[in-house]
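Trainee: These protein sequence lines map, in sequence, to chains A and B.
All residue numbers for the first sequence refer to the working numbering, where the first residue is 1 and numbers rise by one.
All residue numbers for the second sequence refer to the working numbering, where the first residue is 1 and numbers rise by one.
Note that these hints are calculated values from the structure, not bench results.
A portion of the hints provided could be inaccurate.
Footprint (simulated), chain A over chain B, 3 or more residues, beta carbon under 8 Å [as the list claims (entries may be wrong)]:
hint, region
1, 13-20
2, 26-39
In silico SDA-like links for lysine to any residue, alpha-carbon gap of 25 Å or less [claimed, not checked]:
hint, chain 1, residue 1, chain 2, residue 2
3, A, 90, A, 148
4, A, 90, B, 30
5, A, 90, B, 32
6, A, 90, B, 31
7, A, 90, B, 39
8, A, 90, A, 158
9, A, 90, B, 23
10, A, 90, B, 35
11, A, 90, A, 76
12, A, 90, B, 29
13, A, 90, B, 36
14, A, 90, B, 22
15, A, 90, B, 19
16, A, 90, B, 38
17, A, 90, A, 77
18, A, 90, B, 40
19, A, 90, B, 34
20, A, 90, A, 66
21, A, 90, A, 132
22, A, 90, A, 156
23, A, 90, A, 133
24, A, 90, B, 28
25, A, 90, B, 27
Take a look, some chain B residues computed to stay more than 12 Å from chain A by CB distance [stated by the list, open to error]:
hint, residue
26, 117
27, 141
28, 152
Keep in mind it's a predicted model, so treat the numbers as computed, not measured.
A virtual CB, placed ideally from N, CA and C, is assigned to each residue, including glycine.
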Amino acid sequence: MIELTQPIAFQPELAAREEAAAREAGFAALVERQSRFVFRVAYSILRHTHDAEDAVQETFLRLYRAGAWEAVENERAYLARTAWRIAVDKLRNRRDEPLHPEWPSDGESPEGAALTADWNAAIHRLMDALPEELRQPLALSTVEELSSQEIAQAMGIPQGTVRTRIMRARQILRQKVARLREGRYEKR
Amino acid sequence: MRSDEPETINRLLEDALSTYSSQEPRPGLEQRVLYRVHSAGATRRFAFPVWAFAVPVAACLLLTAIVWIHRGSQLQRSTIARTVGFPTPGALRGRTETPRIMVRPHKSKRTKAPVLPRLPEFPAPSPITAEERTLLTFVARAPDEARQAFMEMQQRSTESIRIEEIKIQPLQSDGLQ
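Let the hints inform the model, and build the full structure from the sequences given.
Mentor: Structure, rendered in structure tokens:
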């Protein structure tokens with residue numbers, strides 16, 4: 001039988017250290033779980049890998065500094081909103097520069113891409129040319145399982161407005177693709 | 001236009017939309033995020049707070065400015081007070097004075113003047129001066145001399161002033177100009 005020579009005392013420093021370690025582990029798990037999602041949200045707005053990665057880092061940094069990630073109810077919606085805000089700020093800062101998507105046929109016009117049967121690239125260019133108020137909800141809708149409600153929460157606009165804008169953007173794209181296929185696309 | 005064209009366009013559009021944001025991040029994004037967060041958190045934790053330096057500096061600057069302004073106004077007041085008198089040319093010639101800055105001692109509190117009772121006579125009678133007292137003593141001791149001196153002074157003040165006519169000789173000209 002083991003005899004205790006000294007009574008076991010509560011050590012607040014040790015408890016605080018363990019709590020901090022648990023929090024760090026929780027945050028690391030959150031980053032592991034959601035960083036790709038945050039990247040896609042940022043990339044759909046910025047269309048640039050490095051800028052999107054910067055936005056991801058900034059998003060998690062803000063979350064860490066706020067220190068409230070454990071209390072967030074819908075972490076996807078929260079992260080989508082934060083990432084969207086940061087991405088829009090970055091986009092505003094580089095307003096003079098055009099969107100430069102990193103696709104194999106970079107620099108090619110939609111017509112040129114269509115001629116080489118690279119319809120994805122052609123339609124992506126048409127999307128990039130849409131007005132931002134239409135492009136952003138449509139771009140966010142392409143991110144994995146992001147519902148119109150989550151898009152509305154992220155952008156801070158009503159859900160009905162999101163649906164209307166997505167519908168309008170799709171309509172414009174359909175018209176432009178039809179013109180492209182008929183070979184009478186005019187660059188605007 | 002072919003009959004299946006709308007379906008083809010929709011299919012192309014859906015394909016393109018599904019790949020619009022399907023870009024993958026570079027490998028190791030999670031590690032980079034965690035590194036950035038921890039490095040920023042560490043620097044923030046151990047960073048010297050800027051306000052801890054800025055607040056005392058601002059307070060010192062404010063204090064210096066207040067003292068400077070206060071001293072300036074005192075100096076201006078003492079300078080004005082010194083330049084009111086008009087020294088005579090002789091006095092100026094006789095002495096060379098280096099300018100001195102007179103700083104009045106700062107009065108921390110203004111003393112309020114006591115309220116005097118209202119008097120029936122206006123203006124209130126003032127006490128006689130030393131000259132007036134001497135004159136009264138002179139009149140009391142030698143009233144005749146005082147009366148004579150007073151009459152002489154009065155006569156001198158009422159006499160008309162005579163100014164001699166100024167005579168200027170005309171200039172002599174020899175016509176050789």
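Trainee: Now look at each hint and say whether the structure bears it out.
Mentor: Right, here's what the structure says about each hint:
1. Counting residues of the region 13-20 of chain B whose CB falls under 8 Å from any CB of chain A gives 7; the rule of at least 3 is met.
2. Remark: the region 26-39 of chain B is confirmed as covered by chain A, as 8 of its residues place a Cβ nearer than 8 Å to a Cβ of that chain, reaching the required three.
3. Among the hinted pairs, residue 90 of chain A with residue 148 of chain A is consistent with the structure: their alpha-carbon atoms are about 23 Å apart, no more than 25 Å.
4. Annotation: proposed proximity of residue 90 of chain A to residue 30 of chain B holds, straight-line Cα distance about 21 Å (limit 25 Å).
5. Straight-line distance between C-alpha atoms of residue 90 of chain A and residue 32 of chain B comes to about 19 Å, which keeps the hinted pair within the 25 Å bound.
6. Distance hint between residue 90 of chain A and residue 31 of chain B is fulfilled; the C-alpha atoms sit about 23 Å from each other, no more than 25 Å.
7. For the given pair, residue 90 of chain A sits about 22 Å from residue 39 of chain B by alpha-carbon distance, which is consistent with the 25 Å threshold.
8. For the hint linking residue 90 of chain A to residue 158 of chain A, the alpha-carbon distance of about 24 Å falls within 25 Å, and the restraint holds.
9. For the hint linking residue 90 of chain A to residue 23 of chain B, the alpha-carbon distance of about 18 Å falls within 25 Å, and the restraint holds.
10. With a C-alpha separation of about 22 Å, the suggested pairing of residue 90 of chain A with residue 35 of chain B holds against the 25 Å cut-off.
11. Annotation: proposed proximity of residue 90 of chain A to residue 76 of chain A holds, straight-line Cα distance about 21 Å (limit 25 Å).
12. Using a Cα cut-off of 25 Å, the hinted pair residue 90 of chain A and residue 29 of chain B holds, with the two alpha carbons roughly 19 Å apart.
13. With a CA separation close to 18 Å, the supplied pair residue 90 of chain A and residue 36 of chain B stays within the 25 Å bound.
14. At roughly 20 Å between alpha-carbon atoms, residue 90 of chain A and residue 22 of chain B fall within 25 Å of each other, so this suggested pair holds.
15. With a C-alpha separation of about 22 Å, the suggested pairing of residue 90 of chain A with residue 19 of chain B holds against the 25 Å cut-off.
16. A C-alpha spacing of about 23 Å is found between residue 90 of chain A and residue 38 of chain B, which places the hinted pair at or below 25 Å, so the restraint holds.
17. Among the hinted pairs, residue 90 of chain A with residue 77 of chain A is consistent with the structure: their alpha-carbon atoms are about 20 Å apart, no more than 25 Å.
18. For a cut-off of 25 Å, the pair hint linking residue 90 of chain A to residue 40 of chain B stands: about 20 Å separates their Cα positions.
19. Between residue 90 of chain A and residue 34 of chain B the CA atoms are separated by roughly 21 Å; this keeps the pair inside 25 Å, and the hint holds.
20. A distance of roughly 21 Å separates the Cα atoms of residue 90 of chain A and residue 66 of chain A; the hinted pair therefore holds under the 25 Å criterion.
21. For the hint pairing residue 90 of chain A with residue 132 of chain A, the CA-to-CA distance comes to about 14 Å; that is within 25 Å, so the pair holds.
22. At most 25 Å may separate the alpha-carbon atoms for a hinted pair to count; residue 90 of chain A and residue 156 of chain A meet this at roughly 18 Å.
23. With a CA separation close to 16 Å, the supplied pair residue 90 of chain A and residue 133 of chain A stays within the 25 Å bound.
24. Proximity of residue 90 of chain A to residue 28 of chain B is assessed by CA-CA distance (about 22 Å); at most 25 Å being required, the pair is judged to hold.
25. About 23 Å separates the Cα atoms of residue 90 of chain A and residue 27 of chain B, which keeps this hinted pair within 25 Å; it holds.
26. For residue 117 of chain B, the condition that its CB be more than 12 Å from all CB atoms of chain A holds, with the nearest at approximately 73 Å.
27. Consistency note on residue 141 of chain B: stated as away from chain A, and its beta-carbon is indeed over 12 Å from all of that chain's, at 100 Å minimum.
28. Every CB of chain A is more than 12 Å from the CB of residue 152 of chain B (nearest about 101 Å), matching its label as outside the interface.
When held up to the earlier numbered hints, the structure conflicts with none and fits them all.
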